[in-house]
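Peer 1: Using the sequences provided together with the hints, build the complete structure.
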Amino acid sequence: GENVEQHPSTLSVQEGDSAVIKCTYSDSASNYFPWYKQELGKRPQLIIDIRSNVGEKKDQRIAVTLNKTAKHFSLHITETQPEDSAVYFCAARGNAGNMLTFGGGTRLMVKP
Amino acid sequence: DTGVSQNPRHKITKRGQNVTFRCDPISEHNRLYWYRQTLGQGPEFLTYFQNEAQLEKSRLLSDRFSAERPKGSFSTLEIQRTEQGDSAMYLCASSLFLGGTEAFFGQGTRLTVV
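Chains as they are written, first to last, in the numbering used here: chain A, 9 to 120; chain B, 11 to 124.
Fair warning: there could be bad hints in the mix.
FRET-style restraints, in silico, Cβ to Cβ [claimed, not checked]:
| no. | chain 1 | residue 1 | chain 2 | residue 2 | range |
| --- | --- | --- | --- | --- | --- |
| 1 | B | Glu93 | A | Gly24 | 29 to 39 Å |
| 2 | A | Gln22 | B | Ser72 | 19 to 29 Å |
| 3 | B | Thr122 | A | Ser17 | 19 to 29 Å |
| 4 | A | Thr86 | B | Asp73 | 46 to 56 Å |
| 5 | B | Glu112 | A | Ser34 | 18 to 28 Å |
| 6 | B | Glu112 | A | Ala37 | 12 to 22 Å |
| 7 | A | Ala37 | B | Gly26 | 18 to 28 Å |
| 8 | A | Lys119 | B | Lys81 | 48 to 58 Å |
Rather than coming from a laboratory, the hints here were simulated on the basis of the structure. Even glycine gets a Cβ: it sits at the ideal position worked out from N, Cα and C.
Peer 2: Written out as structure tokens, the structure reads:
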């Protein structure tokens, strides 16, 4: 089955700096890669996603890149703000089963 | 709130008791997923339904776990003879049956087995 690795597990940045979180996946058939933000005690919420036919996608301060050959994808947050502090999860979904396999999460702390 | 709804939000039970959780997906969504999340970890897939059919179950889902979606709308997840290791957040998500569409999560049910 699919295996998703996520790094780093914790990331501390100063407000205004950029943050980058990286994930690798094992199943070359995976074709959909969402990123979720989860604040303490709340549900995971989708912040951006990318499909395998696209190499990069951007939405305001958030961007995701995908390298299918290397089987890795990354989340980039620019001009970080304290409200960006949360746990971020990457995930991958293949054709079989259609369920998401999640990475272990990255706790992002943005210091004011 | 027209999102995914889960009840109860919290459940404390004694070891050995049975518990049942309910998930109401977004009304037009025909796929429904159950995940389990332990502290500091990502959600782990348990099972999913397309309409009323249970299409896949994870190896994590022991015989003590059973899920149903009898009319293709709400779903229930039952855990029999609960163990302390079952303590976790149980998350439900729903999506449309179209390739690569977004899965929306509910708030989860936090189970504590004492």
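Peer 1: Of the hints stated earlier, which fail here?
Peer 2: 1, 2 and 7
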